[in-house]
Amino acid sequence: MDLKDISTSVPRKDHKGKVSGQLAYISDVKVENMVYGVLYRSPIAYGKIISIQLPNLPEGYEAVGAEDIPGPNYVKIIKEDQPIFANDWVNYIGEPILMLVGGDLNILYSLLDEVKIELEEHQAIYTLDKAIKQKSVPGVNMASYEFGESLEIISAIELKAHQIIEEEYDTGYQEHVYLEPQGMLAIYKEDEIVVQGSMQCLYYIKNALLSALACGDDDVRVVQSPTGGGFGGKEDYPSMMACHVAVAAKAVKKSVMLVFDRSEDMVVTTKRHPAKLKYRTAIDKDGNILSMCVEIFLDGGANVGLSSVVLQRALINSAGVYKIPHFHSKGYVLKTNTVPNGAFRGFGAPQSFAGIESHIGHLSKLANIDPIEYKRKYLVKQGDPTITKGNFRDPILMEEMIEDLLNASDYKKKKVEFQTFNQQNQRYKKGIGTSLFLHGCGFTGSGERDHIKATVKLVKSKDGKVILKISNSDMGQGIYTTLSKIVAKELDILYEKVLYPDPDTKEVPDSGPTVASRTTMIVGKLLQRAAKKLKDQWQSGVEQEVVEHYVHREMIPWDEKTFTGDAYPAYSWGVNIVEVEVDTLTGNLKLEKVYANYEVGKVIDDRVMKGQIDGGLAQGLAYGYLEKMTSREGKIQQKSISDYGPPTSLDVVTIQSKVFDNPYADGPYGAKGAGELTLIGGAPAVQAAIEDALQTSFQQIPITPEVIIESLWMREGEEG
Amino acid sequence: MAEKIIAYRFDRLDQTLSQLNNENCVIIAGGTDVMVLHKSRRGVPPKIPKPIVFIDHLSELKRVYQNDKDLHIGACCTYSELLEDPFIPSPLKDAIKTIAAPAIRNRGTLGGNICNASPAGDTLPLLYIYNAKLLLRSVKGDRIVAISDFIQGPRRVQRDHNEILAEIILPSILEGGSHVVFEKVGNRNADAIAKVGFAGYIRLNGARIDDVRFAFGAVGPTMVRSMDIEKKLLGKTVPLAAADIAQIVAAFDKIIKPIDDQRSTALYRKTVALNLLRYFLSMKQYQPN
Ligand SMILES: Cc1cc2nc3c(=O)[nH]c(=O)nc-3n(C[C@H](O)[C@H](O)[C@H](O)COP(=O)(O)OP(=O)(O)OC[C@H]3O[C@@H](n4cnc5c(N)ncnc54)[C@H](O)[C@@H]3O)c2cc1C
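Each protein sequence line maps, in turn, to chains P and D. Going by the numbering used here, the first sequence opens with residue 1, and the numbers climb by one from there. Going by the numbering used here, the second sequence opens with residue 1, and the numbers climb by one from there.
Simulated from the structure, these hints should not be mistaken for laboratory data. Careful, some of the hints might be misleading.
Computed list of lysine to aspartate or glutamate pairs in DMTMM-like fashion (alpha-carbon distance at most 25 Å, straight line) [said to hold, decoys possible]: (1) P:506 - P:463; (2) P:532 - P:463; (3) D:39 - P:264; (4) P:639 - D:261.
Which bits of chain D does chain P cover? Going by a derived footprint, with three or more residues having C-beta under 8 Å, they are [what the hints assert, rightly or not]: (5) 35-46; (6) 183-194; (7) 259-266; (8) 273-279.
Bear in mind the structure is a predicted one, so any value in this text is a computation, not a measurement. Glycine included, every Cβ here is placed at the ideal spot set by N, Cα and C.
Based on the sequences and whatever the hints tell you, model everything.
Okay, here's the thing in structure tokens:
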């Protein structure tokens, strides 16, 4: 491929099918002998199933439940606490109990209404606050970690401090709102079950199926169908749906399709963990930080799923991009009887960054220093230790990126202009806010080495085409394009000669899940090495195959028990500046300008990167002020997109962004991760801008108009 | 196993009316409310309990014309059509621009918004303060009713099953001289259901108030409007005295009774409704628009 610079954009591999509307998603698929499945779900949040009475099922209609599962009744993820079909206790409203299958959805829905269940209801825990109060009750604390400076030393520092600042900060749910709701199809064959659907992690699903079906490696096969967005929502959740359809297909000996509509998807699938973050910081008389203790509580929902790993990332990011003296952190995942929470772009980091950026911003006000200047005093530098006693060993360009963005946005001038504007305008108030953030690329700790052990394969055909054999999903983020490009460039062949078919576990080795901002950096690097190897051995006219395995770059070894070592091999960085205008009559917010600088090593494709920036920021900004999901007595209240309110094109403005080069030795062409990073700075920047506009402090996101109006109302009360 | 649905689509209004007279039917104009109301779960067609009559193509229902100082708007004019029409007052156009998004605006009609009678219908606050009158037509002839009498509650209107809403009449609107505002408060800038709607109307003679009207949406089962409260302001001069403003706000405070739901809180709705009212009343001057 003849590109001077790898970053130069090429047409996306998936462009035509998507733009023409021709691409068939799973719900468009029909296979022979296919029936539909619908799930009967728990009507209560916590209790014991006493009995279930099924209606008379017409011919061709069957019920499938726990007794049909050949293997153990849990979805294999990390812990064995998530039943495939709950048959004893139910732990949240909407938990699957059994599946009805048959040819006509209309009939299935009316049969569902006739299922009778007798339950013994128990006292449920509906809120994180309640779970925090009951933390010591067995079963509530599902995971916890603690690390950092000793508490004795911190107590001693606090004793001599000028002031102790304590803050409590809450973050809400976030819903993925992938355009394509979840869907999974199990195709029944005599000797094999093929599970096909919308997914991010083929081998997670395969492993879950091997366990649930208690079958041999060749008896199941997982194929990704075109996936209309994931954002983490299709990391863990599809494993459960795959178990449902595969168990059902085996039981009824037919192919079974399970597709959610939007409201079902919104109510029962995983979401971003609501969190409570507590900060306790000792400062001296000039407002300098002497010590800091952070406590994080994540609402895990009804089972632990991936929550412990989400907590790890939340904790590792609990000091933000700052070098804080005498830092101590601990965190918990707590159980509530609500829909389980799971993976979501950022994976615990967005909560932590929202919290720490808010707290540091508030400390800067106490110190009477502009937030960005205060933050810069504590910014980590190359060679600094991380809070887990790892090391920031690569160059950090944050100072340059901040300076550049302050100039691009005319930050200082805006501050003055807005002050004047706000004095003159009674109704509208303008503000400007910043956020600084990073994202650790790849799996936490030694996950890549110990758990994932990625393998990639390249196959060259006789006619000189090269096929990527990896298990990673393109869910819209663009890896069909970027990974093909890396291989084409390395082999110096035409981009069109590189093929990347929808992955199928029968064809591809396990190159790991498509998560954790790992794909470009880790899998891309493996592919680059494989391509190099293939180039060296290249013989025209013959079929060739090369395989590459993950090699761990040993740094400071990660120890999960002590929570020390290098948590990530590399970090990507970002700075956001946001300008808003707040309507003080309605609390409504208008985004006026959004500026963003990022450093992701090296961009593999400019347009794909811009897609990540614009989409990630829109999602991150919305997390801070727009998207609001609530649960009442265990029930999700917002069941439609319009009630939940993700941003439309009229809510987001043009995002002025720039990406800095800082090639990373262990990434392909220097690339690091970029997918999650772009979301993280949105919410804290928008909060800072709202605070600047209203000259007040908030202790939560999203800062909805309701929150703003209440805050203004309370202030009016105080002022008399 | 698709269920059978009977649907009528006549070329002319009189045929449509006589069918409606013979049989109780569901009228579909744009269908953007009907289809949502009757939608089923995934993969199953909507279940509409009665035969359907399509009316969106009937030219008799799509005219916009002036009659003396009154403006007549055909009930089946779509929002997109109204946005293009020079007769439509600009505050109404502003309200229409806040509705849904282009695709729905290409289908949805003004008549549908009225007959659907949602507390959050975005054209309703303005239609109330324009004193809109509705022309209902049946085989028996025409009758005219005030919008506030027609709308009885959420999705409840005073329409006989043989009647069609033919025209919306905005009396004296072309006289001009009034200052009208509309504000929609939704959770985002498109495709949002109103959390609060406010429309204010004021006509001055010099500095003296000749006529003033207010309507609030999404804060009760129907639009909140009170002639009694409005009357208190007649004859006062602008800018209004703080005590007068406080009196009006306090009077509305008593009659606005919103609810908590998945979109917002009662407290928010009420506070914002009163904020918008207070802001309107506190304006130093009013330009006719
Ligand atoms: C995605 C989406 C977004 C929306 N956003 C908004 C919004 O922002 N603001 C808002 O106010 N509404 C909104 N709506 C609701 C809807 O679009 C409007 O209420 C629209 O005006 C309805 O018009 P229609 O012609 O589609 O009505 P229809 O669905 O055809 O009819 C609605 C009701 O009125 C009756 N009807 C219609 N015309 C007549 C007539 N001439 N005579 C007698 N009865 C009649 C029908 O029988 C039915 O009961 C939205 C709807 C959708 C699907």
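Checked hints:
Using a Cα cut-off of 25 Å, the hinted pair residue 506 of chain P and residue 463 of chain P holds, with the two alpha carbons roughly 23 Å apart. Between residue 532 of chain P and residue 463 of chain P, the direct Cα distance comes to roughly 19 Å. Compliance with the 25 Å bound is thereby established for this hinted pair. Between residue 39 of chain D and residue 264 of chain P the CA atoms are separated by roughly 14 Å; this keeps the pair inside 25 Å, and the hint holds. A C-alpha spacing of about 12 Å is found between residue 639 of chain P and residue 261 of chain D, which places the hinted pair at or below 25 Å, so the restraint holds.
Proximity of the segment 35-46 of chain D to chain P, defined as three or more residues with a beta carbon under 8 Å from a beta carbon of that chain, is established by the 5 residues found. Counting residues of the segment 183-194 of chain D whose beta-carbon sits less than 8 Å from any beta-carbon of chain P gives 9, enough to reach three: the coverage restraint holds. Using a Cβ-Cβ cut-off of 8 Å, 4 residues of the segment 259-266 of chain D lie near chain P, which meets the minimum of three, so the contact claim holds. With 3 residues having a beta carbon nearer than 8 Å to a beta carbon of chain P, the segment 273-279 of chain D meets the requirement of three or more and the stated coverage holds.
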